[in-house]
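S.K.: What follows is the residue order along each chain.
2 protein chains.
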Amino acid sequence: VAIILYDLAGADEKRRFSPYCWRIHMALKHKGLPFDTKPWRFTEKDAIAFANSTTVPVIVDGDRPVADSWKIAEYLDAQYPDRPALIHGDAELHLTRFARHWAEGVLSPLLLRMLVKDINQRLTPKDQEYFRSSREKRLGQSLEAYTAGRDQAREQFRQALTPLRRILAEQPFLCGDAPAFADYVVFGPFQWARGTSPYFLLAEDDPVFAWRERMLSLHDGYARSFPAG
Amino acid sequence: VAIILYDLAGADEKRRFSPYCWRIHMALKHKGLPFDTKPWRFTEKDAIAFANSTTVPVIVDGDRPVADSWKIAEYLDAQYPDRPALIHGDAELHLTRFARHWAEGVLSPLLLRMLVKDINQRLTPKDQEYFRSSREKRLGQSLEAYTAGRDQAREQFRQALTPLRRILAEQPFLCGDAPAFADYVVFGPFQWARGTSPYFLLAEDDPVFAWRERMLSLHDGYARSFPAG
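Same order as they appear, the protein sequences are chains B and H. Residue numbering for the first sequence is 87 to 315, as defined by our numbering. Residue numbering for the second sequence is 87 to 315, as defined by our numbering.
Here chain B stands alone, though its shape is the one from the complex (with noise of 0.2 Å):
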């Protein structure tokens, strides 16, 4: 029986742009475990309340649901540690968590300047409701004046890029020779963007630009195929 991963989705279903949601295709692709997505909008919340949770990813395995991405990647490793292991040991659960709340407290509040307006554009007029009131709430301005900054965000994004530029020079991903997890959480983010924005965030001569194509490229060009701009 096939995991089931409950994925953010926009207007068009085939569009998943879900940073946390993200982590966890990479991650069961890496582990090569069978899984089916069922799209969810951010007003659905009843569809995963028997996870506990008001966010994605949930995943259902069997009968047994796990929410929340981090906790998803430590289950998925102790419950198949068969497969290809996403974190490898102490030091690299180090190396993940350290990437992860770069991610999370660098580059996503720079992403989120840059692309909110662009994302609130291809929910559901019902999830563009919500979004739109949650985050202006949160923002205290409106979608359009907080992203008319983002020129300058790109700019700021580009600069604290600069660790993960300079170890790409160093090793092919962050996690060495072969990408696991910290990859995945470091990817995310930019599939958040590649799936909701045209906006170029790279230039195509910076090696981070070189490194997210090996990471479209991983599994036969898996997040590839999905809608981007």
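Take these hints with a grain of salt, some might be off.
Put simply, identical chains are the same to the list, so a pair is met inside one copy or across any two.
With a straight-line Cα cutoff of 20 Å, these simulated SDA-like cross-link-like pairs (lysine to any residue) come out [said to hold, decoys possible]:
1) Lys100 x Thr210
2) Lys124 x Glu299
3) Lys212 x Arg127
4) Lys157 x Gln257
5) Lys100 x Lys115
6) Lys115 x Arg252
7) Lys115 x Asp163
8) Lys157 x Arg252
9) Lys223 x Phe136
10) Lys157 x Glu256
11) Lys157 x Leu254
12) Lys117 x Gln257
13) Lys157 x Ala255
Simulated from the structure, these hints should not be mistaken for lab results.
On the provided structure of chain B, position chain H as indicated by the hints.
M.R.: Positioned in the frame of chain B, the structure of chain H alone reads:
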């Protein structure tokens, strides 16, 4: 025979503040290797020419010179494999590289803005002349003009520490339950500040402050025993 560490010093030779040398102070303590330091100034290039280097740290182990903090760390782990490792395996290598590029590419540039005038005041007259002219050329402005924006740089610095702050909510050191080279690499810039300037970097309730205290307390308060401010 004790290892010799050539170590950047101020006009007061007890004042040691190179972030790269501090990596090696801590590394040698970590490995429990006896060492003596030789104070060195920016303008004493001749004194380390034997190591084919124009910068410190340089160590001499027996009759073998090794320059460059990263190469010294690799050398120490290779040469003294029975001592506690600075970098435990490949995954911790990747963590350490990421931490290095984050410290060098994000933290140090912000610190330079906060510290540059104070650093200059700590140097010998001859080093002051060298430091001011080389740095003003690089920065395209006077040290005084550059450092005038330091309160803003401090805000950015505290913001940039987000990933470290968050991982410290999960574990006491970047490397987990005990510090290793990645912690020393991130600690280096803080010792650069401590050894040159009274400027307060961190709020006392910041988890990064508590981590810095733990680092200062390692090995019987070794790092704390040097002149500060």
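S.K.: Under the constraints set out in the numbered hints, which ones does this structure not fulfil?
M.R.: 2, 6, 9, 12
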